[in-house]
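Colleague: Please construct the entire structure, taking both the sequences and the accompanying hints into account.
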Amino acid sequence: MQVNHIEHKPFQWIHTSGAFSSRCDLDVYMIRERTAIAVATERENDAASGMSISNGADILATIVMQKYRLGPNGVIWIEHYPEKRMGKNSIYKMDEIYQRVRFGLKGNRFISPQWEKLDNEGTRAFINALRADRGSVLPRLG
6 MQVNHIEHKP FQWIHTSGAF SSRCDLDVYM IRERTAIAVA TERENDAASG
56 MSISNGADIL ATIVMQKYRL GPNGVIWIEH YPEKRMGKNS IYKMDEIYQR
106 VRFGLKGNRF ISPQWEKLDN EGTRAFINAL RADRGSVLPR LG
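Residue numbers (our numbering): 6 to 147.
By construction, these hints were calculated from the structure, which means they are not laboratory data. Each statement offered as a hint is correct.
Dumping the calculated SDA-like pairs for lysine to any residue here, alpha-carbon to alpha-carbon at most 25 angstroms:
no., residue 1, residue 2
1, Lys111, Ile81
2, Lys122, Arg136
3, Lys122, Arg48
4, Lys111, His20
5, Lys72, Glu38
Computed beta-carbon distance windows for the label pairs:
no., residue 1, residue 2, range
6, Asn94, Arg37, 39 to 49 angstroms
7, Thr21, Glu126, 33 to 43 angstroms
8, Asp124, His10, 15 to 25 angstroms
9, Ser22, Arg107, 23 to 33 angstroms
10, Glu38, Arg90, 33 to 43 angstroms
11, Asn94, Glu38, 44 to 54 angstroms
12, Arg90, Asn113, 35 to 45 angstroms
C-beta: ideal position from N, C-alpha, C; glycine also.
Modeller: Shown next, in the form of structure tokens:
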């Protein structure tokens, strides 16, 4: 299977209210005609990143669906929060998280996101296989 990898780092998007813009890293893997796996990564060290990828999941996924002319079943959406250290002297640690997000549909936009935690190691291996694809058979995600 030929995979076309499209990187947007950073990807800037505007909330539907038009009130503010936000940024994330976005990797889009076109795995078949009209089917894409999109991985949105939170930009933890970017003070101007705006809305979180979770709060904007439906907006972001709708943008990808419309930009790449995909059907609603043609978008597989994954959120990625890298490991993060917080607090004075970085003593608190938040583990890395991958989540699959499924959506309802209203007209031509996604609504009502629902999150499902994914296995970090397996998801990371799957994404690395997408990046390195040379026509091999890829493992099934979730």
